[in-house]
Amino acid sequence: MSKYFLHFLFLFTVTSITIPQQKNLIGYITPSDKFTKEDEAAIAWLNNSNIFSYKTIRAEKGDQDLVGTDVLWIHLPDTIGLNNLLKQKKFLSALNKYYQDGGKILFTDYAAMLSNAIGIEPKKPEIRLDTIQNEWLFDKHGFQGYLGHPLFAGFFGGVYVWDANEDQILPLVGYFGNDFPEKGKVIAVDKSYIFLHGERKIVFEYSNKNGKIIS
4 MSKYFLHFLF
14 LFTVTSITIP
24 QQKNLIGYIT
34 PSDKFTKEDE
44 AAIAWLNNSN
54 IFSYKTIRAE
64 KGDQDLVGTD
74 VLWIHLPDTI
84 GLNNLLKQKK
94 FLSALNKYYQ
104 DGGKILFTDY
114 AAMLSNAIGI
124 EPKKPEIRLD
134 TIQNEWLFDK
144 HGFQGYLGHP
154 LFAGFFGGVY
164 VWDANEDQIL
174 PLVGYFGNDF
184 PEKGKVIAVD
194 KSYIFLHGER
204 KIVFEYSNKN
214 GKIIS
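Once you know that position 119 of the sequence shown is 122 in my numbering, the rest is easy, because the numbers rise by one and skip nothing.
One thing to keep in mind: the hints can contain errors.
[Said to hold, decoys possible] Calculated lysine-lysine pairs in the BS3-like style (CA-CA distance at most 25 Å, straight line): (1) K186 - K212; (2) K37 - K92; (3) K215 - K58; (4) K143 - K64.
[What the hints assert, rightly or not] Quick list of the computed label-pair ranges, beta carbon to beta carbon: (5) L199 - K58: 33 to 43 Å; (6) Q25 - N51: 35 to 45 Å; (7) N50 - G180: 19 to 29 Å; (8) I197 - Q67: 46 to 56 Å; (9) N137 - V70: 44 to 54 Å.
Hint data in this document are derived by calculation from the structure and do not stem from the laboratory. Note that the coordinates shown come from a computational prediction; the quantities given were computed from them, not determined experimentally. Glycine is no exception: its CB is placed at the ideal position from the N, C-alpha and C atoms.
Generate coordinates for the entire structure from the input sequences, incorporating the hints supplied.
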């Protein structure tokens, strides 16, 4: 997963769900005490930010650590981290309560499966793999806003976030074909070079009176 993807989605998600009057406290959640390379990159970016303060939260010990955070961020780059987190039922229940009590959460990559796992979304997202061939400009991938969501304000409705320099297998977590989330609002679909893939709904939003989730 490109670090530019993480930074773009995180920055504009937090901007859209908080009021930046002071440094927002970000709770960066990991399923264990072992950080992936992507965890390390995300934490380094947060550490260098003048906008956010942060703390890392281990899911297995994090029930009380959620208190006082402005936004929770869970990034799972593979199914290993996802399966690890899915076993931690107490923490999944705590995430649900955090959201119901008005908390804001960002799920990225395989963590997009968690809206279903914590009981917010009845219809489980699907995981598909797309083979990306390195073809100079022609292999770009990104998001195109769906029905004008403000997440993409200033980006002409969409943005490229992935430009691989080698062939890759790209995982997509979302709803495909005629499938839509039952409770969530679709806010972006997949785009590649000059093509829009409206059948690939890969960014979605949930909200209650005060809480918000963007996956």
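Hint check:
no., hint, in the structure
1, K186 - K212, "holds (14 Å)"
2, K37 - K92, "holds (20 Å)"
3, K215 - K58, "holds (20 Å)"
4, K143 - K64, "violated (39 Å)"
5, L199 - K58: 33 to 43 Å, "holds (38 Å)"
6, Q25 - N51: 35 to 45 Å, "violated (18 Å)"
7, N50 - G180: 19 to 29 Å, "violated (41 Å)"
8, I197 - Q67: 46 to 56 Å, "holds (49 Å)"
9, N137 - V70: 44 to 54 Å, "holds (45 Å)"
Hint compliance for this structure: hints 4, 6, 7 are broken, all remaining hints hold.
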